[in-house]
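A.B. asks: Given chain X's structure and the hints, the job is docking chain H onto it.
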Amino acid sequence: MRGKHVFVYCGLLACLVSCVRPKYIDEVASSEKNVENNSSQTTSLGQQKVSCLNTFSTSQLCMRWSWEVQPTSKQVGSFVFKVYRLNQWDQTAVEVDLSAMPEVVLWMPSMGHGSTPTKIERLDVGTYRVGNVFFIMPGAWEIRFQVKDESKAIVDGVNIAISI
Amino acid sequence: MRFLFSFFLFTGFVSHSWSAACCGGGGSVPTIITSDDRAQFAVSYGATQVVIDHVDSQGYWRRWGQHQQTQTLKIEGAHIVADRWQWGVSLPVMTRNYSDMQYSGLGDIASTLSYEYLPDWDYNPYRPRGVGFVQLNLPTGKSRAESEIGGLDSLGSGYWSLGLGTMLVKSWRDWDAFTMLEWHQSFEKNINRVSLKGVARPGAGHNIGVGAGYNWSIYRAGINLNYVQEAAVRLYAPESESELQGMERWASLSASFGYMYSEEWAWSLIYTDQTLIGDPVNTSLGQGITLQLQKRWPR
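Heads up: the protein sequence lines correspond to chains X and H, in order. Residue 152 in the working numbering is what sits at position 152 of the first sequence, and the numbering runs on without skipping anything. Here the working numbering = 1-based position in the second sequence + 1000.
FYI, nobody ran anything at the bench for these hints, they're computed from the structure. Cβ coordinates follow ideal geometry from the N, Cα and C atoms, glycine included. Check each hint, because a few of them may be wrong.
To be verified - Here are the in silico distance ranges between beta carbons for each label pair:
#1 X:A100 <-> H:S1099: 41 to 49 angstroms
#2 H:G1059 <-> X:S99: 19 to 27 angstroms
#3 X:Y24 <-> H:S1217: 41 to 49 angstroms
#4 X:E68 <-> H:Y1045: 41 to 49 angstroms
As the list claims (entries may be wrong) - In silico DSS-like links for lysine-lysine, alpha-carbon gap of 30 angstroms or less:
#5 X:K119 <-> H:K1189
#6 X:K148 <-> H:K1295
#7 X:K74 <-> X:K49
The shape of chain H in the complex, shown without the other chains:
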């Protein structure tokens, strides 16, 4: 059971569950091996439908007659580089549709260096396994501030960012649970848009995740909750007043079902809904489904 849980937990935070439904943004998922494997690899395909087009600063929800849809193909891998060190990378490719418009491209690439600071060699009944990580986000996706068309072609946060976090995992018989805390700081970027030339200064953000699951036979059913907050982005332009893109906040609730059809391969189906939990502001909310295929290489 312990092995089953850890296998499914790899990239267990679903790709799109961390990102705002519209316009890119949000953090990327840390790619971490939480089992005793040497390497793991996952490919996932997710489709999200925006259902609440805008939640304003006062928390009012607005629906529009047409909604954006996004599809994300994500390739992720992690490999042990030393006894307790590992390195992971995730590479998302996104397509965003709205009305008859469609934009595709590479999202933000994220690279994660992790260290298992709390190993679970003796399978202690109480002490969890703890992994700390440093994550670097590469701005390969366009930010909202750079978009000339209202963020429709924004496929990532678009900023360099450096994050620190920890993940604690534990399993008891048929049950498992995990929690994750992550904090990141994004860095300023020059904006050269027709309507705005200046500097965008994003701030800090954080992600808090908790989850639990029940395992039986070769199956696992789980539920995850992710809470995400991104600081306001200030836009400074020499010839005009500075802009303030408001602080963003949203929460994603995911339900997943996993099926391990061999010792090395597993499928997961994940449903994510951003309209059920939390107190969102300055964002769009979506519902989505993701299918993920995972492969492991034992030590």
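Same shape as in the complex, but just chain X:
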């Protein structure tokens, strides 16, 4: 009987000295961070001035994106992104196509894995929809926009960090 008590006390002591102290972040908390702030000024012609928040590494083209359907743990999402250059006179957006159809990869750097493959379609000049956007776990992710050449080498791209 005494032995059983020692066993229980040892277990309790082990828990006291080494139990985890979890710092929880729940699913809902971070969704607001993914909405870009598109506040901008208006030109004399009534067009909106924009800034270049995200820049492709080679072409130096600008990119902005916005959720159409925000993904959840149970539902795939989609977003639209636009590629543009800044008009040199009034800093408005002039949409342009990328040199090739881009690919979009969802990547979780800390865990060294991606997610299910996305689907991409061109909607108009410099305007693309990315569907089948699904994150298999919450955390810090990157949305990687990549343009590849014929040999499948990445020749242009931009990475956007988001928190899910």
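C.D. replies: Okay, now just chain H, sitting in the frame of chain X:
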């Protein structure tokens, strides 16, 4: 009692208690006979539910609305090959479920060569029995870095690795205790994925285990604690920047109950929880239950 303990200790580190709950990874269990038997064999079935989907590099725990589940069927055996030498092998088959997706296949096969460097022929009251081992991990399971779907089809560490370790076991009357230290080095591998073509360079990892148990009649109740750390994996791709998959760390606490219903056969039921102990990073945490059937052949 001594015999009972040693019988249950065979593969006493539960199959899934060494692996991260999500996405494969982790080391495999050394299959070692710690009793005076000629051969032992075990088959186990374990089910794990991920309850914390991601613990990030800063130690923040994140839960998602859906969780992965894994089932592992594991066949393990060990046989004496010379007086103090033995050889063991473990063969896991895994199924991973997430939402409506399911992936099954062979996990990493592990082969262990062990040498009893500290025999306990005279049943010394203080000196433990010591077994040293070399373990080779065969990358028959896919690694996370090779997965095109976020590691859902990753069923093992996926790398060749070579490990060295030791296990010390001791029993006193109704009580038993053991400790295990293991260090391993994993080796680089070419990755040929749609989104990444290059080389993955994993590093070293280690496992530290301690456990104790109480034996009465034909039963044993035990508790095990395993602490696992895996070094960061660097991914080098010629056409893009190198990636760094962060260092992983987690601890598993297991409670087991064993029942020996004959001289040669025993059942064990093991509950494992990765959310109770330690300071996990870059991993998922799960809770699981395993049922194990063991058979022994005395010398």
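A.B. asks: For the range 41 to 49 angstroms, tell me whether the beta carbons of Y24 (chain X) and S1217 (chain H) fit it or not.
C.D. replies: holds (43 angstroms)
A.B. asks: Does the alpha-carbon distance linking K74 (chain X) and K49 (chain X) stay inside the 30 angstroms limit?
C.D. replies: violated (37 angstroms)
A.B. asks: In this structure, is the beta-carbon distance linking A100 (chain X) and S1099 (chain H) contained in 41 to 49 angstroms?
C.D. replies: Violated - the Cβ-Cβ distance for A100 (chain X) and S1099 (chain H), about 32 angstroms, lies outside 41 to 49 angstroms.
A.B. asks: Is the gap between the beta carbons of E68 (chain X) and Y1045 (chain H) within 41 to 49 angstroms?
C.D. replies: holds (43 angstroms)
A.B. asks: Checking one constraint from the list: CA of K148 (chain X) to CA of K1295 (chain H), max 30 angstroms. Satisfied?
C.D. replies: Distance ~56 angstroms between K148 (chain X) and K1295 (chain H) Cα, so the pair is violated.
A.B. asks: Could you tell me whether the CB distance from G1059 (chain H) to S99 (chain X) stays inside 19 to 27 angstroms?
C.D. replies: Distance hint for G1059 (chain H), S99 (chain X) is violated at roughly 42 angstroms.
A.B. asks: Holds or violated: K119 (chain X) with K1189 (chain H), Cα cutoff 30 angstroms?
C.D. replies: Measuring from Cα to Cα gives roughly 29 angstroms; hence the hint holds.
Of the numbered hints listed earlier, those contradicted by the structure are 1, 2, 6 and 7.
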